[in-house]
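Residue numbers (the working numbering), protein chains in the order written: chain R, 1 to 200; chain W, 1 to 194.
Note that these hints are calculated values from the structure, not bench results. Treat the hints with caution; some may be incorrect.
20 Å max Cα-Cα, derived DMTMM-like pairs, lysine to aspartate or glutamate [as the list claims (entries may be wrong)]: (1) R:195 x W:49; (2) R:195 x R:128; (3) W:24 x R:164; (4) W:71 x R:53; (5) W:71 x R:13; (6) W:46 x R:140; (7) W:46 x R:194; (8) W:71 x R:194; (9) R:195 x W:17; (10) W:71 x R:164; (11) R:71 x W:102; (12) W:24 x R:194; (13) W:71 x R:41; (14) W:71 x R:30; (15) W:71 x R:63; (16) R:175 x R:164; (17) W:71 x W:56; (18) R:71 x W:81; (19) W:46 x R:134; (20) W:71 x R:33; (21) W:71 x R:59; (22) W:46 x R:13; (23) W:46 x W:18.
This structure is a prediction, so every number in the text was calculated from the model and none was measured.
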Amino acid sequence: MDEREPVVLTRPDDLDEATVVARAQDGNLDAFEYLVEAYQDRLFRLAFRMLHDRGDAEDVVQDTLVACWRKLPLLTNVQAFSGWLYQMATNRCLDSLRRRSGHPEVVQGPETLQTTADSFTGPGAGGDPAREAEISCEIDGLATALLTLPPGLRACWLLREIHERSYAEIAATLKVSEQTVRGRLARARAQLAEKMSPWQ
Amino acid sequence: MAIDETIPRLGCGRSIDEVWATIKQPPTAHENGCVQCRTARASLAKLAEATRTLRDNDAVDPSLQPRHAVKDAIMNLARAEVRRGSLLPVYRAEQGGITISEQAITSVIWFGADALPGVRARRCRVHPGPDTADAPRSAGTSDIAVNLRIAVASGTDIPGTAELLRQRITSMITAHVGLNAGAINITVEDFYDV
Numbered sequence: 001m002d003e004r005e006p007v008v009l010t011r012p013d014d015l016d017e018a019t020v021v022a023r024a025q026d027g028n029l030d031a032f033e034y035l036v037e038a039y040q041d042r043l044f045r046l047a048f049r050m051l052h053d054r055g056d057a058e059d060v061v062q063d064t065l066v067a068c069w070r071k072l073p074l075l076t077n078v079q080a081f082s083g084w085l086y087q088m089a090t091n092r093c094l095d096s097l098r099r100r101s102g103h104p105e106v107v108q109g110p111e112t113l114q115t116t117a118d119s120f121t122g123p124g125a126g127g128d129p130a131r132e133a134e135i136s137c138e139i140d141g142l143a144t145a146l147l148t149l150p151p152g153l154r155a156c157w158l159l160r161e162i163h164e165r166s167y168a169e170i171a172a173t174l175k176v177s178e179q180t181v182r183g184r185l186a187r188a189r190a191q192l193a194e195k196m197s198p199w200q
Numbered sequence: 001m002a003i004d005e006t007i008p009r010l011g012c013g014r015s016i017d018e019v020w021a022t023i024k025q026p027p028t029a030h031e032n033g034c035v036q037c038r039t040a041r042a043s044l045a046k047l048a049e050a051t052r053t054l055r056d057n058d059a060v061d062p063s064l065q066p067r068h069a070v071k072d073a074i075m076n077l078a079r080a081e082v083r084r085g086s087l088l089p090v091y092r093a094e095q096g097g098i099t100i101s102e103q104a105i106t107s108v109i110w111f112g113a114d115a116l117p118g119v120r121a122r123r124c125r126v127h128p129g130p131d132t133a134d135a136p137r138s139a140g141t142s143d144i145a146v147n148l149r150i151a152v153a154s155g156t157d158i159p160g161t162a163e164l165l166r167q168r169i170t171s172m173i174t175a176h177v178g179l180n181a182g183a184i185n186i187t188v189e190d191f192y193d194v
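Using the sequences and the accompanying hints, generate a full structural model.
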């Protein structure tokens, strides 16, 4: 066997995620780029639904993934990678909202929400305009109701219901007990359900 | 709003969580007879449906993706702050020496390991061998020690595979780097599913 064949590593797509994370920890840029591509959209969707601002959401994605590169060597358990990323992104969203609450003038009115809601299309509607309108209306109603929740409840609800993170991980991310996570989720659901279709 | 930790209850005494937990099942006798439960079930069912729609649509909505500039900025910064590990002396003569980065050697080791079925090479540390002094020495005579963590496919013969891996790493390091591999410590840290 010729041992001096060109050194071409297995592409990250053909490896398990824990191995890709380990290689990124050791400074491999291809592995890190793969992780950026795998997570940037998910983190953006979380941040956008938390902050309702594209620019702020992009800032959260960028800050989170830059911090990820810098802190990766310190991550001891590669299996915990995705939870660790979600935790960094969630905390950045909550920080951003705290900063914003010091500047009440940037709170968005319903017109802004409507404009963004209009941009949603219904890819699942299969070109049926009536169903598309229904989907758009459903998403609009839920997204608008979501923005009325306190940030802690909104984060809990998004992490569980949209991103399907575990109770234990959400509890660790928000530094509360799992019982508190369950309580917040129940209150978030009750408030969202009531906003979307008033009970009384 | 103050966040208290209690779960909201309906007027009939049932918690929202109880109603939510059985939302996919047919209503119970109580739920059929209780106006509050019926209303709560209907609006929670509507929320569940809207949640599914939001989740599925957001996941494929091209307007809910960051601009390419975001990834470019992240990767530019990562390249600027690239980590190559420590520098290892390969060759030293009177006129100066040659060093090679730990990362370059690691790539060779990963490459060697990737060729073995059932092996995924993970974190790797490379150290100069114990007798590497600063005295002049010719190429191919200094030792390095390798600590490699790997995952193996379930059902892999670990001792046999580790021995093959050790031989392969030794020959790769000799061929590509011109160093002698001394100790090669392999830690199997995980199994992966094939």
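Quick rundown of the hints versus the structure:
no.	hint	in the structure
1	R:195 x W:49	holds (15 Å)
2	R:195 x R:128	violated (27 Å)
3	W:24 x R:164	holds (18 Å)
4	W:71 x R:53	holds (18 Å)
5	W:71 x R:13	holds (18 Å)
6	W:46 x R:140	holds (14 Å)
7	W:46 x R:194	holds (10 Å)
8	W:71 x R:194	violated (39 Å)
9	R:195 x W:17	holds (17 Å)
10	W:71 x R:164	violated (24 Å)
11	R:71 x W:102	holds (19 Å)
12	W:24 x R:194	holds (19 Å)
13	W:71 x R:41	holds (10 Å)
14	W:71 x R:30	holds (13 Å)
15	W:71 x R:63	holds (11 Å)
16	R:175 x R:164	holds (18 Å)
17	W:71 x W:56	violated (24 Å)
18	R:71 x W:81	holds (12 Å)
19	W:46 x R:134	holds (13 Å)
20	W:71 x R:33	holds (8 Å)
21	W:71 x R:59	holds (11 Å)
22	W:46 x R:13	violated (38 Å)
23	W:46 x W:18	holds (16 Å)
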